[in-house]
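Take a look at the letters that make up each chain.
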Amino acid sequence: DGGITQSPKYLFRKEGQNVTLSCEQNLNHDAMYWYRQDPGQGLRLIYYSQIVNDFQKGDIAEGYSVSREKKESFPLTVTSAQKNPTAFYLCASSKGPRQGLYTGELFFGEGSRLTVL
Amino acid sequence: ILNVEQSPQSLHVQEGDSTNFTCSFPSSNFYALHWYRWETAKSPEALFVMTLNGDEKKKGRISATLNTKEGYSYLYIKGSQPEDSATYLCAFDSGTYKYIFGTGTRLKVLA
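Protein chains in written order, with this note's numbering: chain A, 1 to 117; chain B, 1 to 111.
Hints are computed from structural coordinates only; laboratory data are not their basis.
No false leads were mixed into what you were given.
Think about it this way: if two alpha-carbon atoms lie no more than 27 Å apart in a straight line, the pair counts; the simulated BS3-like pairs of lysine-lysine are:
| # | chain 1 | residue 1 | chain 2 | residue 2 |
| --- | --- | --- | --- | --- |
| 1 | A | Lys83 | A | Lys14 |
| 2 | A | Lys71 | B | Lys42 |
| 3 | A | Lys9 | B | Lys98 |
| 4 | B | Lys98 | A | Lys70 |
| 5 | B | Lys98 | A | Lys71 |
| 6 | B | Lys58 | B | Lys98 |
| 7 | B | Lys98 | A | Lys57 |
| 8 | A | Lys9 | B | Lys108 |
| 9 | A | Lys95 | B | Lys57 |
| 10 | B | Lys98 | A | Lys83 |
| 11 | A | Lys95 | B | Lys98 |
| 12 | B | Lys42 | A | Lys70 |
| 13 | A | Lys95 | B | Lys59 |
| 14 | A | Lys9 | B | Lys42 |
| 15 | B | Lys98 | B | Lys57 |
| 16 | B | Lys42 | A | Lys95 |
| 17 | A | Lys95 | B | Lys58 |
| 18 | B | Lys69 | B | Lys57 |
| 19 | A | Lys14 | A | Lys57 |
| 20 | B | Lys59 | B | Lys78 |
Taking the hints into account, I'd like the entire structure generated from these sequences.
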């Protein structure tokens, strides 16, 4: 089945440590995204990538880094510079540029919950 | 900063009741309005992507309408069932890759 796989589902980190969240898709989608969810807030965009070897900052990129070396993979690193990293993280993908009838629908993983101890 | 608002934040309905939620979004730079259903412990799934003013879409007992001039969309569920219990998200799409999500409406259908 095609889809998006995020791992790990749960992760605990000590303050000062970097941690990397994995996101893999087998949908052959060009675009991939990382969102963060906090209680009482909508999903906020951290980074997105339109195509391999390219990525752009979203609204809350500070303290995070990403790479896009392969079409299928878009890992997110939460660095020690991120002041409040405890949150739920969602990865998503979409086909890419709007062409024809394509409407930009997002496909999501099941998320990773990061807790900083 | 563009804002997307959803109301109510949460609601409980009895099985068989019909219900509706609202998503308010900016009326400028509109490209599409997305609705997603997010069940607990699962991934959000797209319900509708609406692009035209006056558009109405339907999937089973769920339907949605769109008014781009005044910046709102309604999601309706007819004859709610326990399996409809989920958080319903809307997202404003300006044609870029930077969708703006509302905080969601959490629906609980009581059997």
